[in-house]
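Undergrad: Turn these sequences into a full structure, and let the hints guide you.
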Amino acid sequence: DARVTQTPRHKVTEMGQEVTMRCQPILGHNTVFWYRQTMMQGLELLAYFRNRAPLDDSGMPKDRFSAEMPDATLATLKIQPSEPRDSAVYFCASGLQGNTEAFFGQGTRLTVV
Amino acid sequence: QKEVEQDPGPLSVPEGAIVSLNCTYSNSAFQYFMWYRQYSRKGPELLMYTYSSGNKEDGRFTAQVDKSSKYISLFIRDSQPSDSATYLCAMSEFSQNFVFGPGTRLSVLP
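Just so you know, the protein sequences line up as chains A and B, in that order. Every letter in the first sequence is one number past the one before it in the numbering used here, and letter 102, counting from 1, is 102. Positions in the second sequence are counted from 1; adding 1000 to them yields the numbering used here.
Honestly, the hints are just simulated from the structure, not real lab data. Among the clues, some could well be false.
The calculated label-pair distances, taken between Cβ atoms and stated as ranges, are [stated by the list, open to error]:
(1) 15(A) x 1054(B): 45 to 55 Å
(2) 53(A) x 1007(B): 36 to 46 Å
(3) 1042(B) x 76(A): 19 to 29 Å
(4) 1042(B) x 44(A): 13 to 23 Å
(5) 1093(B) x 14(A): 39 to 49 Å
(6) 22(A) x 1041(B): 13 to 23 Å
(7) 30(A) x 1067(B): 26 to 36 Å
(8) 3(A) x 1027(B): 28 to 38 Å
(9) 9(A) x 1110(B): 26 to 36 Å
(10) 15(A) x 1077(B): 44 to 54 Å
(11) 53(A) x 1016(B): 22 to 32 Å
Predicted model, so just to flag it, every value in this text is computed and none were measured. Backbone N, C-alpha and C define an ideal beta-carbon position, used for all residues, glycine too.
TA: The structure is reproduced here in structure tokens:
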């Protein structure tokens, strides 16, 4: 069953705490995207990686957000310290270089109180 | 002005109706255009993909791109209650790294 797996599905945390979201891309996909979705802003690209190297993270607040790919089967997005305005659904998507389709995970619904 | 504009709806239609969903954009360099469907509390899934101008048909779905007007459309024929979802347009200058529209919420009533 080839799909993008994200954990946790839901996360409620207090302001100031560190949050780590994980993504397992589809096996063989070499491009990984992190998106954030809110009612106000819609779906925004935070960062994307190709062959584990960051290609573009201009959409990410650098002071508190960080994204990494420790290996080809794991991508992480960390927020430290978290703030209420970070409350959103965070999606990971993966794809193949040169292929237009990105396959999305189910998302992590983050609530920062 | 946002780079990609889309009427958020909600749009309610009776079952069997023809649905027209639209997006406008400002970046004339965009040449890859996609439509994603997103069910409630799920991730977006690709519906249609078009490169440059023209039409593309897939079953009940037709995607149109008019680059001269910076306008794209998705038509759904014989709409079904299962088509009720949010439809997101997405576009890019290159083949990845897409900019998404805010989405139009569609309800097809039985």
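Undergrad: So, for every hint listed, does it hold in this structure?
TA: Tested hints:
1. In this structure the supplied range 45 to 55 Å holds for residue 15(A) paired with residue 1054(B), their Cβ-Cβ distance being about 49 Å.
2. Checked against the hint of 36 to 46 Å, the pair residue 53(A) and residue 1007(B) passes, with Cβ atoms roughly 38 Å apart.
3. A hinted range of 19 to 29 Å for the beta carbons of residue 1042(B) and residue 76(A) is consistent with their spacing of about 22 Å.
4. Distance hint for residue 1042(B) and residue 44(A): a CB-CB separation of about 18 Å, consistent with the stated range 13 to 23 Å.
5. In this structure the supplied range 39 to 49 Å holds for residue 1093(B) paired with residue 14(A), their Cβ-Cβ distance being about 41 Å.
6. A hinted range of 13 to 23 Å for the beta carbons of residue 22(A) and residue 1041(B) is consistent with their spacing of about 19 Å.
7. For the pair residue 30(A) and residue 1067(B), the beta carbons lie near 30 Å from each other, so the given range of 26 to 36 Å is met.
8. For the pair residue 3(A) and residue 1027(B), the supplied restraint of 28 to 38 Å holds, since their beta-carbon distance comes to about 31 Å.
9. At about 30 Å, the CB distance of residue 9(A) to residue 1110(B) agrees with the hint of 26 to 36 Å.
10. Checked against the hint of 44 to 54 Å, the C-beta distance between residue 15(A) and residue 1077(B) comes to roughly 48 Å, which is consistent with it.
11. With their beta carbons about 49 Å apart, residue 53(A) and residue 1016(B) fall outside the hinted range of 22 to 32 Å.
Hint compliance for this structure: hint 11 alone is broken.
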